[in-house]
Structures are given as structure tokens and as C-alpha cells.
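Novice: When the letters of the sequence shown are read in order and numbered with the working numbering, they come out as residues 26 to 355.
Warning: the hint list may mix true and false statements.
Said to hold, decoys possible - Think about it this way: if two alpha-carbon atoms lie no more than 16 Å apart in a straight line, the pair counts; the simulated EDC-like pairs of lysine to aspartate or glutamate are: (1) K136 with E115; (2) K112 with E190; (3) K80 with E54; (4) K355 with D305; (5) K74 with E55; (6) K249 with E190.
Just so you know, these hints were derived from the structure itself, not from any lab.
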Amino acid sequence: MSSYTIQEINDVLKGELIGNTTQKIDGPEELQKAKNNHITFIGSTKYLKYWADSKACAAIVNDNLKIESDNNRPIIKVKNADLAMAKVLELFNPPAPVFDADIHPTAVIHKTATIGKGCKIGANCYVGKDVELGDAVILYPNVCVFDETVIGNNTVIWSGTVVRERCIIGSHCVFHTNVSIGADGFGYRPSDDGRGLVKIPQIGNVIIGHYVEIGANSCVDRAKFSATIIGDGCKIDNLVQIAHNSIMGRSCIMAGHSGLAGSVTLGDGVIIGGSASIKDHTTIHSGATVGAGSGVVGDVEAGKTVLGYPAQDARDMLKQWVMMRKLAKK
26 MSSYTIQEIN DVLKGELIGN TTQKIDGPEE LQKAKNNHIT FIGSTKYLKY
76 WADSKACAAI VNDNLKIESD NNRPIIKVKN ADLAMAKVLE LFNPPAPVFD
126 ADIHPTAVIH KTATIGKGCK IGANCYVGKD VELGDAVILY PNVCVFDETV
176 IGNNTVIWSG TVVRERCIIG SHCVFHTNVS IGADGFGYRP SDDGRGLVKI
226 PQIGNVIIGH YVEIGANSCV DRAKFSATII GDGCKIDNLV QIAHNSIMGR
276 SCIMAGHSGL AGSVTLGDGV IIGGSASIKD HTTIHSGATV GAGSGVVGDV
326 EAGKTVLGYP AQDARDMLKQ WVMMRKLAKK
């Protein structure tokens, strides 16, 4: 891992450097875990109390916090310590796994597939009939891409991921380990005789925009007809379920264990908290937020924050919780 001086780090951050140190910085670390070769971050007043006892040799802090450089420990003041942290982490990010060959000899690639310039395809990958990979696509070992799928430039797909037939994936996407794209949607109806279930064929596909990131073990199901759509810039955590015919707008966030039932529509910039569940055929309009663990059973207005099960206006729900606590004490 590389080392940097405090001046070199500030050249990247372009913050206000107060104080100095000759200590080489070997990486970032939390305030309470840092050693004297680490730089740390303070983005909130609640962490200020830990600075005096921290062993970190430097800190990056929000410029609205009152904190001083002390004991030869400089600080870099920035507008947003969290965003600055992202830049520092990028500096210290280890290199990606190495491919000894651009296309591993055990990879199976159909003769009709089109492979763009600079692609890397790992061991035991499968690339099916009429698949199109753009330039600089990376498929890590044991990825399957089935027939007629199109993947845009610079997309990275990690091991164990399966992309089913006819899916369309944009550029600069990242799919982490064991993602499922385009599996059948969950559609069944009682049979005429009432003694079984009839599977509803799922003949649509999945369309994913540019700069989408999908976490490990998450699933995006194909549509019954038409397409399940993930808009540009969406970020999806681990263990998330997106059911058939759902549509996500631009730059939505879904935290771990959350799920969309069939035909849910999210506007732009919607945030879904962890373990939240959204009922089928529900619309959550742009800029709305669904609190963690909530259950949404009806449409949510633009910009509104809802909480609870069933979800309702967050302020109303918090008032109810306060009243319930008071009643419990009587």
C-alpha cells in the first residue's frame, strides 16, 4: 500500500491545511482505532470528543467544526468530510485482482458473441449466443452472461453473477458477487381445478442504466412483459429484491434487505431504508424517503419521509411512538 505526506493528501482534497507533520500516512482509519501512521475523519460534533485521545497523526474535518491542530497533528478543513474520505480511500485503494490472460482459456464464448476492445474474461465464464460486450468490460471468474444480452463499456461484473438472456446493461456499472439479473419474476395463479398453481411465463427483460452499482446477492427479476428498469446512477445494497416490472428512476438508493414487489415505481432520488418492503403496484414519487424497516402499502408523495408499519408520515409516526411510551409507563 502507498504512503503519502499530509501535503500530498491536501493537494487532492484542496482543503485548508492547518499545522504540519513529517509522519508518512499509510492509510485512513476510525478515530478510536487509528495509529500514528493513520489519518482520520471528523464529520460531526459527536466525534470531537475522541480527537484528543486519538493516536491519528492527522484529521480531515468539516470546516464548520471548532477543532484545533495540536501536538504536531495537523487538520485539513473541508466542506464535507464524508466526500473527502471517499477521495482519500481512493488514494489508498489496493489494485484490482490481476488477470494473467485477458481471456482465460477455460472461458466459454459463443462464436456469435461480440467482445469489445480491452475486455477481460476470467476462468470458467460463459458468454452466450449473440451477446455484445462493450469495450473494457470485466467479467471475473464464474460469471454467466446468457444469449442476446448487451453490456456497455467499462462495466465490471464480479464472480458468481448470472445475467440472463436479452438483458440490456449500461456502461460503468458494477455488479458485486452473486448478483442475479433477469431471473423469472414470481408469478403464479391458482389452477382452474383449485388443486395447484399455474406459473405465469415471464417473457420480458431487465434494462439497467449507466453507473448503476448492485450489491452482493441482490436480485433484479425480469418483467412478465416489457421490462424491469433500473435508472442511471442507482445504488443498490446487498440482499435486495427488485421484482418483475418494477421501475426505478435516476439515482435511487436501496439499503440492504429492502425489497420492491411487482410493478413498483420509484421516482428520481428515492431512498429506501434497510429492510423496508414496498407493496406491489405502489408509486413512490421523486425525492421521497422510506425509513428502515417500514412497510409501504400505498403511494408516497414527492419529497415526503414515511416511517413505520404500515408506513405513514414520519413525524406522525414518531409522535405515536412517544405517546405509546408514555402510556406504557402509566
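Novice: Indicate, hint by hint, whether the structure satisfies it.
Specialist: Against the structure, the hints:
1. Of the pairs offered as hints, the one joining K136 and E115 is violated, with about 38 Å between alpha carbons and a cut-off of 16 Å exceeded.
2. Only pairs whose Cα atoms come within 16 Å are accepted, and K112 paired with E190 is rejected, the gap being roughly 37 Å.
3. Restraint check: the Cα-Cα separation between K80 and E54 comes to about 10 Å, which is no more than 16 Å; the hinted pair holds.
4. Under the criterion of a C-alpha separation no larger than 16 Å, the hint pairing K355 with D305 is inconsistent with the structure, at around 40 Å.
5. At roughly 13 Å between alpha-carbon atoms, K74 and E55 fall within 16 Å of each other, so this suggested pair holds.
6. Among the hinted pairs, K249 with E190 is consistent with the structure: their alpha-carbon atoms are about 14 Å apart, no more than 16 Å.
Violated hints for the displayed structure, listed by number in ascending order: 1, 2, 4.
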